[in-house]
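K.L.:
Residues per chain are reported as follows:
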Amino acid sequence: MRNNSSRRWERPHPAFLSVFIILLFLFYIPIGGVLIRGFFPDSRLDLRLFADTVTSSYNLRIFWFTFLQAVLSTVFSLLLGLPGAFLLSNYTFPGKKLIRALSGVPFVLPPILVVLGFVIFFGNSGLLNNLLMKIFSLSEPPLSVLYSLKAIILAHGFYNFPIALRVVSSLWEQLPQNQQWAAQTLGAHRLKLFRTITLPQLLPAILAASALIFMFCFTSFAVILVLGGGPQYTTIEVEIYRLARTSLDIPAAGALSSAALFITLALLSVYIRLQNKLSFQQELSHRRNDLHTVHRPNFLGLSSIIIYIGIMLLIAAGPLIGVIVRSLQKPSSRAGKLFFSLDWYRSILSGDAGQFGMIALTAIRNSLIIGIAAAGTALILGTAVSYVTVRYRFRLANLIDTLSMAPMSVSSVILGLGYFLLLRSLPNLKGASLLLIIAAHAVIAYPFVVRTVSAVLKKISPNQLYAAMLLGAPPGKVFCSIEFPIILPALTAAAVFAFAISLGEINATLLFSSSIITIPLAIYRMIGSYNFFGACALGTLLIFVCVLVFSLLERAGGSEI
Amino acid sequence: MNLKTVDLRRSFSDFNLLVNFEAKEGELICLLGPSGCGKTTALQLIAGIQTPDSGRIYLGDRDITDLPPWKRNIGLVFQDYALFPHMSVEENIAYGLRQKGTAAETIHSRVKELLSLVRLQGYCRRKPHELSGGEKQRVALARAVAPSPSLLLLDEPLSALDARLRIKLRREIREIQQRIGLTTIYVTHDQEEALSISDRIIMMKDGEIQQIGTPQEMYNHPINSFVAKFIGNANLLPVSKRTEDRKYYFFRPDDTRLSTTPSAAADIFEKQMTIRSVEYAGSHYVVEGSDGESSLRAHLRQEPKTSISFGDAPGSSCWFQVEKTKLKLLSH
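Line order of the protein sequences matches chains C and A.
Residue 218 in this note's numbering sits at position 218 of the first sequence, and the numbers go up by one each step.
Take any residue in the second sequence, count from 1 to its spot, add 561: that is its number in this note's numbering.
Bound-form chain A, shown alone:
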């Protein structure tokens, strides 16, 4: 089913949330943003844990705004897993089905089916305190999905896990989601996560939606400097010295090259900077330069033959260059 929020508002003393978006059926949409941007509040409004001040929420054809959480048929996976400590893995997963009054044998086979879906076969009898973080998360996912909800919500499900596990699990979540065809809203502050698994991304800041688009659109055509900085690495150069005039030139460090001499070509944009640091990142070198007011980065394959300025000693002066086709002008 698709989900639609219309003018959904929630205000706190110093914070105002307004969200308007639609998640199409079978789509995985990411709510992305820094802490405090309102993404978890938006999720809790959709789940019914919080009540909006105004606005409507539609799931399929149903207006669910006034429904209590236990009638919405929505699954939610929490960041802290929220498994029931006194129940086994099987009982946890079966909980939603028990509330529906499903027959016992049906429950049992469904639990087994889900356990193999999340690759935890044989874990029926275990208790939550015997599980690792990743295993708990998979049980939480199975539990949320078991009663066949119309919508799945995930609230930063992987942030409590280490990096390797995160990458592995996010792929599994995406595969399961695609296999079931479940409309899913995934809240995260990790832009890499959002880029890798979403059909579309909703970027949020201070309670407002900044941009909605596919990962490629968000990466290549950010509509403002906030989105540009948040997703991937960004070079942002103010166009003019006047601070009220907040226009920026925007381009990616990956597209930036270094030269000791200025270029004469008309299709090259360049800026002269003093080299501040060179760091090795395995697949490339990160070269940072600054002119006292702004700084730029370039990702280079080869180690640049430059000297770095340190303290009062001057470093090399270089021209940071980018093709104008890769350059964008952002209005704020």
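Chain C on its own, in the form it takes in the complex:
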């Protein structure tokens, strides 16, 4: 005779289901809309459009280019990141902590800032060219980097090398030292040691990092849109945007999006498999107490470190410094000399009716409102999903887990397209546009909330919850007095993280926003209208917010990317 009264606390409260209904509306319906347009172009099932889309030579060229730039970018990111991983894992030197912290900065910057930085730094009249012209007394800018495949790869490398560096070095540091000594007593000299002992064990990390970087580069949007600068440098995402906003060919955009969805899902499953192998390897190494030892570098090591830091500064810090420098400059006349000026910031603060100040102030105001609202929504959504999937064991648990993490695998461009379709079909309500932006940002940010909160929830052992129950606390009380205080730091970090994601989001926003301007949108439009100085002023503000968020997160102990 099984009784269910004491079992009720093993199944989630029905109120949680409302979370999944919200998710349905905010994510599955927009995406569904996109897929429907692709497969039902004239309200009838017509697979020809989809077939044409995936076989047309035009699109195949786009597929190929997307793939090619992703591969080249991944290789370049590895070339940049792996030497750093080697240096960090094997040597100890002053400033090591700083280097490690700085290495994370590029990754937390939104792509629009990367784009802006690159334009400022590597452009024909950019900082690097100006510097080289001055040093070598040239009359023409020597480096022509921008608006080419070179620029795309360079920017992707800047953005993604921290992944390679951190993922590989964190595993390397945990490789047990005893193994190395054992191998040496068995006769292995250093190169052989590396080839046969170290490298095979690092392979899971290298592969996992490569897969992740590849996925990011494959679905990259803003970088390609701006730094590619031409139809021969179009990727799938850019083409979707072009079809939807420029050609207004919605069915084609829908069909292409469907194809893209399948490809990214396939990529994601590969990545998950590699990530599992990596976690396994990490677990193996983590159990031991003897970590990889570090030594002081010899002359060769020291010079490598200095050269590496130099390259990192050039590629990673250069663009950012360029943005900050440009924001403090103003031309004396149309094409005149630049002089130091705080005018741009003053303009923002006063919001003067001249073009720049007011736009900037409006953008800041909008971004703050949207950011806070989206962060709050993402926090509630993400925490609820986290809680249901971690705490409860019920039959549909695995399915719910997969379904709720789906937004992570869907590109925000396609999500933006879904919202674009939604917006067009909604009546022209005043707040509709704003609400949709908030919703889109919340959906994009909430998987990160889920990951952050789940990680901490899992650390609470069931015995602690049982202990509280046996001391007289019913499940609600257990949550309030035990679980909530423990996860509060993670909740704060997740909220801050979600806020930062919303602040920098441009993909979805560009796809469907018309009247509401956000900071990234403003920067994008200013780049397009050659108002680089203004863009840099806004960009600098964004840089500081992101760096602040990043240091807060680092302090809270987020070593997970």
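To be clear, the hints were calculated from the coordinates, so they are not data collected in a lab.
Even for Gly, the Cβ is constructed at its ideal location relative to N, Cα and C.
Please note: incorrect hints may appear among the correct ones.
[Claimed, not checked] With the C-beta cut set under 8 Å, the calculated list includes, among others, these residues of chain C facing chain A: (1) 466; (2) 467; (3) 469; (4) 470; (5) 473; (6) 474; (7) 476; (8) 486.
Once you've looked at the hints, dock chain A against the given chain C.
P.N.:
Below, chain A alone, put in the same frame as chain C:
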């Protein structure tokens, strides 16, 4: 209060638990058995963490089978302590009293009283991560006992600690238990622990109760070979060569003597064996002999003057002898 379980059943895919026992008021009863025998499951059923498939649980006069854990008034000490990391020692211990709505000053004096009971006076403000294993366990005990539960459960509370500490702490737990007069169920796989602190022992194997008795009864009169082997050291000789016939002669190595010649006495049971090893254990020597099919052990005060067989070299042949009064026949 006394605890009674009636036909308590819980089944998993390859495991079936059935427990029927009664713990009298003020008694410390040990659930003893190897890993996987179901002792922790039985404990979790009593606590309400797991739900039985059938059967009833009575605490005093109350049928608590259908009550959720927070209404059962049972204390539980976990093997991994399960202290609340974000609360101080005082807040941890006070937790149960807070749930009851006890007044703040009463809570404070009760916490102090308990801290001196477990000999951790002055530890109020400390946090769990600042405590050693033994200290954590004592806080866990104080916390479980603070709201004056009717029953105390302990799930292998000492297995994470080193041997010396275990012996010291189990004595303290027993003293506290006796002083408060709290009915207690103590789960362990350590037979020495069970023998030293329990009023009665419940021996379990594969989800079934093998025997219930006082420590002396379990040690001197085990009802089958499993109990005989688990509690203390045992010599078990199959009575016949046929394997279906699982009867055993049972006697303790402590009662076993060695002789180079067979005895003629009618009250001596003996078996001839070749010596395989002699080990020194401080208070005695452990001599092991075998005849190819079974082996016997003897605990001797003096070092035996024998040669040990090693590889193909033959060792001495000796007669292992025990008084028939110390010999028992076990049916399985």
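K.L.:
For every hint, state whether the structure bears it out.
P.N.:
Structure-based check of each hint:
| no. | hint | verdict |
| --- | --- | --- |
| 1 | 466 | holds (5 Å) |
| 2 | 467 | holds (4 Å) |
| 3 | 469 | holds (4 Å) |
| 4 | 470 | holds (5 Å) |
| 5 | 473 | holds (5 Å) |
| 6 | 474 | holds (5 Å) |
| 7 | 476 | violated (10 Å) |
| 8 | 486 | holds (5 Å) |
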